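J.: Assemble the complex: chain D is given as a structure, and chain R must be docked to it using the hints.
There are 2 protein chains.
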Amino acid sequence: MESLKVAGIRLGTTCAGIKYPNRRDLVVIEAAAGTRAAAVFTRNAFCAAPVIVARTHLAAASPRYLVINTGNANAGTGRHGLVDAEASCRSLAERVGCRTEEVLPFSTGVIGEPLPLFRLVAGLPAALAALRADGWTEAAHGIMTTDTRPKWASRRLHLADREVTVTGIAKGAGMIRPDMATLLAFIATDAAVDEPVLQSVLTEAVADSFNAITVDGDTSTNDSCLLLATGQSGANVPAQGEDYARFAGAVREVCSDLAQAIIRDGEGATKFITVQIEGGRDAAECRQVAYTIAHSPLVKTAFFASDPNWGRILAAVGRAGLADLEIDRVALHLDEVCIVQNGGRALDYTEEQGQQVMARPEITIRVELGRGAAAARIWTTDLSFDYVRINAEYRT
Amino acid sequence: MESLKVAGIRLGTTCAGIKYPNRRDLVVIEAAAGTRAAAVFTRNAFCAAPVIVARTHLAAASPRYLVINTGNANAGTGRHGLVDAEASCRSLAERVGCRTEEVLPFSTGVIGEPLPLFRLVAGLPAALAALRADGWTEAAHGIMTTDTRPKWASRRLHLADREVTVTGIAKGAGMIRPDMATLLAFIATDAAVDEPVLQSVLTEAVADSFNAITVDGDTSTNDSCLLLATGQSGANVPAQGEDYARFAGAVREVCSDLAQAIIRDGEGATKFITVQIEGGRDAAECRQVAYTIAHSPLVKTAFFASDPNWGRILAAVGRAGLADLEIDRVALHLDEVCIVQNGGRALDYTEEQGQQVMARPEITIRVELGRGAAAARIWTTDLSFDYVRINAEYRT
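Read top to bottom, the protein sequences are chains D and R. For any residue, its number in my numbering is found by taking its place in the first sequence, counting from 1, and adding 15. For any residue, its number in my numbering is found by taking its place in the second sequence, counting from 1, and adding 15.
Just chain D, with the same shape it has in the complex (with noise of 0.2 Å):
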């Protein structure tokens, strides 16, 4: 699908050296003057600087210009880093007329190592130059480090009889486990909606999106996500009603296209796995149950080797510190196989029913409580070599 332009955003695209020579690493990206802004930030002690800064930004104006570099975080830099996130901002809002507020900063690589805040100042001015408004894909090519594919996801909707655009970029593979938002992703609409709103928009989409997946539980340091709403198409998205319903679902949809294109693109993953645990007295022991799946190295490698050995996932269900939990009322199925009822293995399952779901490429473990109506949903990938491999060859 291709990505769709938005009224009012432009993207450039640059090779900055930041990291590498000859490698996309810097993007800018251009609101129309009136956009409003939501975001949501990692919750990790140690945020990066960036994350700071634009934090304080958005509290103090509406954002016309992101400044976007890959190759280092600017994380773990002390005060040095605050420095240098909001030096980029103050350099770029002198090149085109804007206050330094104005401006937000999001940096994503190696963490620990000062900015090249040099390099990423004389890489403004081609970053600028490359503005224009189909620049989405080049875009979601400039945002990514251990990365594979770009991704992007759009939607089109018709709003009070206007066109409305609902488009976004992310990139993400490695120290996934979103605590807020995942390691950068921009999505930009020409709808007009207000600021309030936009927010329990985002706050809401990211819930079930980039708040429910996992690579390797480990939240990052600079997780960012930010919807823009440049208002240019004229629809109104208003508070409630079918309109607001009708836009959040496409958010939803664009921040889900998205968090799953960051699974399916996870270091080393051979597999989509989806979690599902139903049956729970409430949503967060849903949600505990299913993390304590989904980063069990023993469950991991068992995918990765498509081997149906789910007494892995019966022992991550029985370590995932739910009080009282009944283990005769705990049910598994791997897809439409049910592999165990009331605890044990069910009786007409057949090893051969395992092996011939586990050799599918995407697969849904499905654990029934047996002691609520609540249920949760994550998605997370396999623990490979190359998993390993890529973490311990490259110092991303």
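One or more hints might be untrue.
[To be verified] Computed from the model, here is a short list of chain R residues facing chain D with C-beta under 10 Å: (1) A317; (2) F319; (3) V345; (4) I405.
[To be verified] Far from chain R, some chain D residues (derived; all Cβ distances over 12 Å): (5) R38; (6) R94; (7) A108; (8) A222; (9) A254; (10) G256; (11) E282; (12) D297.
Keep in mind the hints are simulated off the structure, nothing from the lab. Keep in mind that this is a model prediction, so the values were computed, not measured. No residue lacks a Cβ here, since even glycine has one placed at the ideal position from N, Cα and C.
T.: Just chain R now, with coordinates in the frame of chain D:
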């Protein structure tokens, strides 16, 4: 170091063909009449049938015999599993002429397959015929699964002019994040110890040894640790005082040796990593940070690669969930090298220093949180290609 005999304890090992032919997989341990026992078991809700049966039997009688099989965990096996575990005890009891409750069953191996009860029972005569006081080393072999080395430890001490011995064996290499004790550790002493005292000695010893290690964060369904006291040395251990402390110290050292041996033999392990957290508000939050670091696949793969990628350690500290962590007060050392001070890179740290430390086979990660006086220490492994290979190729 050799494994020292314990008066009143005999061990017999045989090949019963539980899962593979010609592999030592059945061990019987005999304890003299009058032996007292203390035990700790897994807290996994899906605890295995033998764990349930062992708990029930321990509550009813002092154990005279332990029957231990590898190749099958008898976990996730429902009501049939309980019958099988009970039947293996009853068969042994009949053969030797004791009560069924005086026999404790232990199993380790694949989860979810029915215990081959017939083969286990058929192997009992050979195991009983092999009983001998110096059977510790062979028993340590007999309880191995994916372990590459047998694990035993001994201490000798004098109590009230009498010589007392403490000897233990353990197995475990994967599914290691004991929540009580690691999968199968059997320790015996010829000291005379009342059961409440024995239990307190064991509980204390386990807290800083088996309960302070992790390979992959996967708490097993079968973890069991048993401490037997035959009393045959004639030396009595009081409920407190110097002799208590010396005896407890010896048990702690044996547990610590065994726990460290498990980590050194951890699946695919190439490094022995100590995670030491200091300056926390309480021990619980220190452990929380320690386990977050120890379970991070990104930290573990960086250690495998001998890459001083300390940003990954910082990111793990930041996502450990400590309320109001002031990152300005956080410091990080790898062995003697200070890498992070006041939340940022230490001024005189050089990449060469980091690389030098990371090349070592044993490394201590020390994190200072700067918010209290509590501390915690755990041991863990790195994450290597071999971890993935072992768990993808074999159904253990």
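J.: With reference to the structure, classify each hint as holding or not holding.
T.: Structure-based check of each hint:
1. A317: Cβ of A317/R sits 7 Å from chain D, so the hint holds.
2. F319: It holds, given that the least Cβ distance between F319/R and chain D is near 5 Å, below 10 Å.
3. V345: For V345/R, the interface hint holds, since the closest Cβ of chain D sits about 8 Å away, which is under 10 Å.
4. I405: holds, 8 Å
5. R38: The claim stands: R38/D keeps its Cβ more than 12 Å from every Cβ of chain R (closest is about 20 Å).
6. R94: Check fails; 8 Å does not lie beyond 12 Å.
7. A108: At about 26 Å from chain R, A108/D clears the 12 Å cut-off, so the statement holds.
8. A222: The claim holds: A222/D sits with its nearest Cβ about 18 Å from chain R, beyond 12 Å.
9. A254: Consistent with the label, A254/D stays out of reach of chain R, its closest Cβ about 33 Å off (over 12 Å).
10. G256: It holds; G256/D is separated from chain R by about 38 Å at its closest Cβ, greater than 12 Å.
11. E282: violated, 9 Å
12. D297: Since the minimum Cβ distance to chain R is about 17 Å, D297/D lies beyond 12 Å and the statement holds.
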